[in-house]
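Protein chains in written order, with the numbering used here: chain L, 1 to 261; chain F, 1 to 328.
Hint data in this document are derived by calculation from the structure and do not stem from the laboratory. Every residue gets a Cβ at the ideal spot worked out from N, C-alpha and C, and that includes glycine. A portion of the hints provided could be inaccurate.
To be verified - Straight-line C-alpha distance at most 20 Å; calculated SDA-like pairs for lysine to any residue:
| id | chain 1 | residue 1 | chain 2 | residue 2 |
| --- | --- | --- | --- | --- |
| 1 | L | 261 | F | 256 |
| 2 | L | 83 | F | 251 |
| 3 | L | 258 | F | 129 |
| 4 | L | 258 | F | 197 |
| 5 | F | 261 | F | 251 |
| 6 | F | 139 | F | 171 |
| 7 | L | 258 | F | 261 |
| 8 | F | 72 | L | 83 |
| 9 | F | 288 | F | 261 |
| 10 | L | 261 | F | 138 |
| 11 | L | 200 | L | 221 |
| 12 | F | 288 | F | 245 |
| 13 | L | 79 | L | 186 |
| 14 | L | 83 | F | 261 |
| 15 | L | 261 | F | 171 |
What the hints assert, rightly or not - Below, a sample of chain F positions facing chain L; criterion: calculated Cβ distance under 7 Å:
| id | residue |
| --- | --- |
| 16 | 80 |
| 17 | 85 |
| 18 | 87 |
| 19 | 95 |
| 20 | 97 |
| 21 | 99 |
| 22 | 108 |
| 23 | 309 |
| 24 | 311 |
Here are the chains, one letter per residue:
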Amino acid sequence: MTLTSPTLAVARNTFREAVRDRVLYNLVAFAVILIASAVLFGQISIGIQKIILINLGLSSISVFGLLISIFLGIGLVYKEVDKRSLYALLSKPVRRSQFLIGKFLGLNLTLLVNTFFMSAGLWAALYYLTRGFEHGDRYIFVAIYFILLELSLVTAVCLFFSCFSTPVLSAIFTFLLYVIGTFSSDIRAFGELTKSAPMKVLSTALYYLLPNFSDFQIAGWVSHGRPVAGSLILLNTMYTICYGAVLLIASIVVFSRKDLK
Amino acid sequence: MAAIEISGLTKDYQSGFWRKRSWRALDGLTLNVEQGEVLGFLGHNGAGKTTTLKLLTGLIFPTAGTATILGKPLGQPETFRHLGFLPENPYFYDYLTAQELLDYFAQFFPMTAADRVRRRDAVLESVGLVEFRHLPLRKFSKGMLQRLGIAQAILHQPGGGLLAEPMSGLDPTGRREVRDLIVQLKKEGRTVFFSTHILSDAEALCDRVAVLYRGRLVGAGRISDLVIPSLGREPHLEAIVECTPDCARALLGAVLLLSTKPAILSGGQYRIDISERDLPKLLGHCQKEGLRLVSLNPVHPSLEEYFAELSAVAASRASGPSGGRSQP
């Protein structure tokens, strides 16, 4: 008897849905073209071609990954409820939690594959420019790994909003949280500098409550060939797992009580 | 043990910006569906049929009351190993083909890979979609989606099926095929609980029917038990009499006066509906010159009449002092 895990079956189908979405290919193609064009930018930036290429390449992967995760993430649950395709699925031996986790894993797999292709574009452009790789280039892998962690968190945020909100509102909420999270370290610094006790408490609470994306952005750092500390890799990984798990549990709690009218 | 036991099932919906307004979609439904029984769930649009099916499948949660399916409480995914569900106006992933969709759904059941393929092919065959198996669902017509909906509901050979409007969107051939399919399920001893407002389907297929009106159960039972006593009127007969050219006009007038409905003239024959107690009078007239009794048949009240009568009674009660759909 070969009973596939319902979660894995949903994840595979989510990936298949994304693969068959033509908009996705446009985004990936556009990102690859942008990375390739970084070679041209590099050539007009005397002496810093490689730095420009790595910065622009990693930023492209991050921005287009963000667009894909938000674009697909906001409809993960809402679209299934709105189109009622979920009715037939949930009348199979599938728990709502398995459905949600499957959706989350499926989108993460999609982002992994997309990031792989965009990263291949970056490495190809880098090889074209430098005709070889240096020892410090390996930290680009770490930057790409951090982008994947960041996108995974964004997906979890999208999934959470998708459980109770419309796609447009989910997109706005997720994007705002991403922007705030990018300046997370500034919120903390503001709390440390202010003399107002309530503001200090508020900014500290916000710092811990809101997702922190600032520690994932190391493009500028690795473009200069600087090493990334192992502790940062571990902390960012643990942070993504913990924060992502909290968001997933919150999504499951909300969605398990939702009437699918 | 009944296949489906429903006790006092109630569902209130909240509406309005602050969700303060509440209205009752289903009001204390109590109903049992026995093993191997085909039960038709009748009611106007908005009567609460879909709400009941959604409650039974765990898509929405009851405000009050309980129900068990095959002995298990609502909301247990394991129940669906033995139960199939056809949603109303089914919609499936339009980027998949019929074959891919059934392959996807089959993964949720404990079947070997070979069994999955065998069952997929068998249900595609039984709903007449074999030649469209590789067509993307976005190109399917409403009727084809309905057939696919039935296919996915019986994919795992469930002991029971909840079918929401199974004949909706189907052409006459498709309707007959679905009817045959339900008859086949019944022959195999499976329980079928289906909602419909096509009363002829219910008459043709159901062992029992349950009638909902504005969220309340207003009648349930075998069709033969329900329709005749409920109408509370004396038996009627349909007579066809032929009038020859030498028939006296007064005689024809006397016969037509017996009819409780306007007589229908076709090919020189009159079709009339008479009360059974007027039969001796009719027979008396027909013994006279110029009139011939062609046929005489008892009139069976239809489920449609029963349904109309129940709805009228329920509507008159609802328009009384307590008024309309109940507010929780």
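(request) Identify every previously stated hint that the structure contradicts and give their numbers, smallest first. (result) 1, 2, 3, 4, 7, 8, 9, 10, 11, 13, 14, 15, 20, 21, 23, 24
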